[in-house]
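Build the complex: two chains, separate frames, hints provided.
In order, the protein sequence lines correspond to chains A and B.
Residue 112 in the working numbering sits at position 112 of the first sequence; the count goes up by one each step and never skips.
Residue 1085 in the working numbering sits at position 85 of the second sequence; the count goes up by one each step and never skips.
Take the hints with a grain of salt, since some may be wrong.
[Claimed, not checked] Okay, derived cross-link-like pairs now, DMTMM-like style, lysine to aspartate or glutamate, Cα gap no bigger than 25 Å in a straight line: (1) B/K1096 <-> A/D91; (2) A/K100 <-> A/D28; (3) A/K12 <-> A/D28; (4) B/K1063 <-> A/D28; (5) B/K1092 <-> A/D137; (6) A/K100 <-> A/D126; (7) A/K100 <-> B/E1097; (8) B/K1096 <-> B/D1028; (9) A/K93 <-> B/D1098; (10) B/K1096 <-> A/D136.
The set of hints was computed from the structure by calculation and includes no laboratory data.
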Amino acid sequence: MKSSIYQSLAIKTLSFFLIWLLLSQSFDLLHMGMGILAAFGVAWFNTDRTASGLTIPRLRIVWYFPWLVGRIIQSGFHLSVLILHPALPIDPKWILHRTKLRTDAGIVLLGNSITLTPGTITVEVDSQNLLVHAMDDKSADDVTSFRIEQQIAGLFGEKGME
Amino acid sequence: MSWVALGLILVGLFFLFVAAVGVLRLPDVFTRSHAVSLTDSLGAFFVLGGLALYQGFSTNLFKILIVLVLLLLLNPVISHATVRAAFRCGLKPWSKEDA
Chain A
1 MKSSIYQSLA IKTLSFFLIW LLLSQSFDLL HMGMGILAAF GVAWFNTDRT ASGLTIPRLR
61 IVWYFPWLVG RIIQSGFHLS VLILHPALPI DPKWILHRTK LRTDAGIVLL GNSITLTPGT
121 ITVEVDSQNL LVHAMDDKSA DDVTSFRIEQ QIAGLFGEKG ME
Chain B
1001 MSWVALGLIL VGLFFLFVAA VGVLRLPDVF TRSHAVSLTD SLGAFFVLGG LALYQGFSTN
1061 LFKILIVLVL LLLLNPVISH ATVRAAFRCG LKPWSKEDA
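Extracted from the complex, chain B is given alone in its bound form (with noise of 0.2 Å):
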């Protein structure tokens, strides 16, 4: 089981790692906040449900859980108030033309 978790915990660091190399090698606001959201979404996702595995049934595993909903609902929020912001202020997003 305990094997199970870790390669769960490995996978969600391997998203938050081509996270970090996203938000570096991105050209724009747009397209690099595509990159943090998946640091939320995958690699949250998969390290937390390690966590709930090699947990076991206790719980700590409901305290896990309600941050992962937590997490869920707050992330789209989030990324979409930044894009939007950067929107309205008239930001022009990087197109292939301008590569």
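Next up, chain A with everything else stripped away, as it sits in the complex (with noise of 0.2 Å):
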């Protein structure tokens, strides 16, 4: 998706601005004003001249924050249980991961759900490998199965991948 610094920049001052009047909640001249100021003035300074344009993956990113709410739910519970049983049955290792993302943004929202859930931490990135420690097996299962790297790569079409 293409499109003009314009274009974005208008995007980008219109979310700032009903932020702003969300959270200021006063609608008299004067504090409308200085919001659709101040909501501009970020806009511009945050606006990547180089860049083409925003590229926002498809609307289906909505689906994926609730299935990602529940894979972080059960392991939750699952770490719960890990910390609170009187044994202590945790086994910590490092998974070197590899990933068939190739968009800078899919790689980001991987890194992210993979901190996210509970038990595992991505600890390096490079282009395309992932250092992540994990709590234990069961906890690691989520990475090494591909799970959540084939929701992101849904999530950014067919060209995302290998």
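Here is the structure:
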């Protein structure tokens, strides 16, 4: 999706202004005027003029988050059991995960999702390899089985994959 | 409705408690940061969810949602930064053989 910088500037200004309205909740001319100025200023300074517009993944991203929350709750319970277990049956290990995702946004989303899931943390990332620290084999399963990655690959379409 | 909200907040408090126990019980930085990330992802998630439900439909609901989204974006960054710093300093992670 290619859009001019003016387009992305307008989108950013509008969304910042909405957040301003939400947080200030005063609708007189002075406050709204200051809001639109501030929103435009922040958007102006934060628009990358070399990039070819915003690359927003499809609207399917809305479905990704409920799924991720489900995974988070499941592994959260698993981690709670591990912590509260009298014998503390943890078995921490490193996983070197080679991702098939190609887009930066996809890899960022993958790393964040892995860290957000209790029991796994992304430690180092280079272009394709993620070093993940996991609490035990069951926690690591979400990463090693490519389950999260397949969901993200679906979001970014086929071109994200090898 | 307020009972459901109370339930959600109690579940959140349970996870916060577990995370605190985890920070005390677990052996090293790496495993402890797993426990800490439990606080933000599940503890804060359930507590804020309960508050949002209790609040009902109002502008405060959107403020709570903004806090929730910010937590979901910032929490992974912070735990990643902590663990990477420990890793780069050459800290040896605890493993089963050390027990």
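Check: Can you name, in rising order, the numbers of the hints this structure does not satisfy?
Finding: Going through the list in order, the structure violates hints 2, 7 and respects the others.
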